[in-house]
Amino acid sequence: MSDSPRYRFAPSPTGFFHVGGARTALYNWALALRTGGTFVLRIEDTDESRNSPEWTQGIIDALSWLGIDSQSPRFEGPYFQSQNAELHIAAAMKLHAAGKAYWCDLTADQIQERAKTSGKQGYDGYSRDRGLAGGPGHVLRFRVPEGATIVSDLVRGEVEFANDTIEDFVLLRSNGSPMFLLANVVDDIEMRITHVVRAEEHLPNTPKQQMLWEALGATPPIWAHVPVLVNEQRKKLSKRRDKVALEQYREEGILPNAMINYLMTLGWAPAGDTEIVHWSSMVEEFRLEDVNHSPAFFDIKKLSSFNGDYIRAMSLDEFIQAASPVLASTEAWPADRFSAGVFVQAAPLVQTRVVTLSEIPAMVDFLFLENPAIDDDAWNKTMSADFARTVLADFTAAIASAEWNHDSLKGILETWTEANGLKLGKTQAPIRVAITGRTVGPPLFESLEILGREETIRRLTAGIARLG
RNA sequence: GGCCCCAUCGUCUAGUGGCCUAGGACACCACCCUCUCAAGGUGGCGGCACGGGUUCGAAUCCCGUUGGGGCUGCCA
-18 MSDSPRYRFA PSPTGFFHVG GARTALYNWA LALRTGGTFV LRIEDTDESR NSPEWTQGII
42 DALSWLGIDS QSPRFEGPYF QSQNAELHIA AAMKLHAAGK AYWCDLTADQ IQERAKTSGK
102 QGYDGYSRDR GLAGGPGHVL RFRVPEGATI VSDLVRGEVE FANDTIEDFV LLRSNGSPMF
162 LLANVVDDIE MRITHVVRAE EHLPNTPKQQ MLWEALGATP PIWAHVPVLV NEQRKKLSKR
222 RDKVALEQYR EEGILPNAMI NYLMTLGWAP AGDTEIVHWS SMVEEFRLED VNHSPAFFDI
282 KKLSSFNGDY IRAMSLDEFI QAASPVLAST EAWPADRFSA GVFVQAAPLV QTRVVTLSEI
342 PAMVDFLFLE NPAIDDDAWN KTMSADFART VLADFTAAIA SAEWNHDSLK GILETWTEAN
402 GLKLGKTQAP IRVAITGRTV GPPLFESLEI LGREETIRRL TAGIARLG
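Residue numbers (our numbering): -18 to 449.
Source of the hints: derived by calculation from the structure; they are not laboratory data.
Worth double-checking, as some hints may not be accurate.
What the hints assert, rightly or not - Within a straight-line C-alpha distance of at most 20 angstroms, the following computed PhoX-like cross-link-like pairs (lysine-lysine) qualify:
hint: 1; residue 1: 101; residue 2: 81
hint: 2; residue 1: 97; residue 2: 189
hint: 3; residue 1: 391; residue 2: 407
hint: 4; residue 1: 224; residue 2: 283
hint: 5; residue 1: 282; residue 2: 216
hint: 6; residue 1: 81; residue 2: 217
hint: 7; residue 1: 282; residue 2: 217
hint: 8; residue 1: 75; residue 2: 189
hint: 9; residue 1: 282; residue 2: 362
hint: 10; residue 1: 362; residue 2: 407
hint: 11; residue 1: 283; residue 2: 216
hint: 12; residue 1: 362; residue 2: 404
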């Protein structure tokens, strides 16, 4: 039991959940599931960042949306880094006692000044042998040993860093609080983490962390640095310019399964000719050794395509259920005009026509609006046909006593269309615009059937009147 | 600047020395189907960054060049 792998996901609470973090979490989760290991969640709140409970809840909720269930026996946490500060400081003191760390009183300005005069960048180890004591204004620095550090990485292979390119980094700030590098390592040791799977941006930190593991007398974990997610400019996805909040995609009607599937394929591909695969087979197949080495573009178009596939793969009942929150919260129509029964009838017509859930209201709004807005371009384009007035009038008259189903209604228009030597594609247009206000939408005759005879005739009559 | 990583269609990828005339997916285009729009079907466009090696044979191995990216904080 004690030798089963322990993975971890260690986000910092920033108020939203980054899609890059989502992918990292998913990789860790898949690995924990397949290996019978554990997924440890640790909130890295070391910064003075307010200890905001709702942000933590946001992380838990986002993970849960991704299928990472905090109630699962494979799940452990959340732990809070800030609560381990004493442990971090104790570890730092242990390093100091062993001569592996030392106090330094240089300020950032002084370091910069020394660097300028020496022509070298960064901190030069000035206080290494000054034997300073701790105290206000003094930071504790790690004494980087001579030699080289080889990081053995499951996706990168062996990466060698010359230690003389690594400066004596800070362990404890001048106010005594522990830095990320230290806290991260101490927590990982404490939590018996065996595999550190994270984004490649952390690779340059890894030799430092590995030295800390060793200096603290622990065996370093297995490292794996997965490629970063980038935007179309091939820059790391950033909160500032890119749409990175998982919550936003959720709100826009992206299905969790589509997001999970898509995220998993960014840097990795399941076997076979299709990328749309069930989570269970991804868990079965996913290997860090197979993860690609280059940055992956987060392509919303492809995500949307996956989402469309997942929407179409749902049963009708599942689709209706998935749509219900969107229908309930939309402002596309007054809430009291909505009818679940009507939507159920329209649902099969909508399911193949939307890529995200949020597109649903615009597709069915004409069913719930008393007077749907008529698009001017649509109106002008279709009503300028010389047959527009007569088709509206004749169709309106003919359906007054027709059998009320889509086949019957279609038959009526077809008869009229043939008699006038036209095409159904042309003659349905004025009717569609008069009914829905648009040139595109769900199949017309089914829509009329759902709308009902009375309302259909009312709108057609209004359309004729509008023609003047 | 320094350190490190990376390099297959526009994009995500398959490919681990001969099965490659480089496969799939997204996007795009065309056609079919069709009451609009979708969905679906069929087909098409399009790539191993470049230069040297190694080898009987290289997208696959090595070196270099070029080009991208990450890191370079008393942030995480």
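Against the structure, the hints:
1. 101 with 81: Outside the cut-off at roughly 24 angstroms; violated.
2. 97 with 189: Roughly 25 angstroms separates the two Cα atoms, so the pair is violated.
3. 391 with 407: holds (13 angstroms)
4. 224 with 283: holds (15 angstroms)
5. 282 with 216: Satisfied, since the Cα-Cα distance of roughly 18 angstroms is no more than 20 angstroms.
6. 81 with 217: Roughly 35 angstroms separates the two Cα atoms, so the pair is violated.
7. 282 with 217: Judged against 20 angstroms, a Cα distance of about 18 angstroms means the pair holds.
8. 75 with 189: With Cα atoms ~17 angstroms apart, residue 75 and residue 189 stay inside 20 angstroms; holds.
9. 282 with 362: violated (30 angstroms)
10. 362 with 407: holds (11 angstroms)
11. 283 with 216: holds (19 angstroms)
12. 362 with 404: Given pair residue 362, residue 404 holds - Cα atoms ~16 angstroms apart, limit 20 angstroms.
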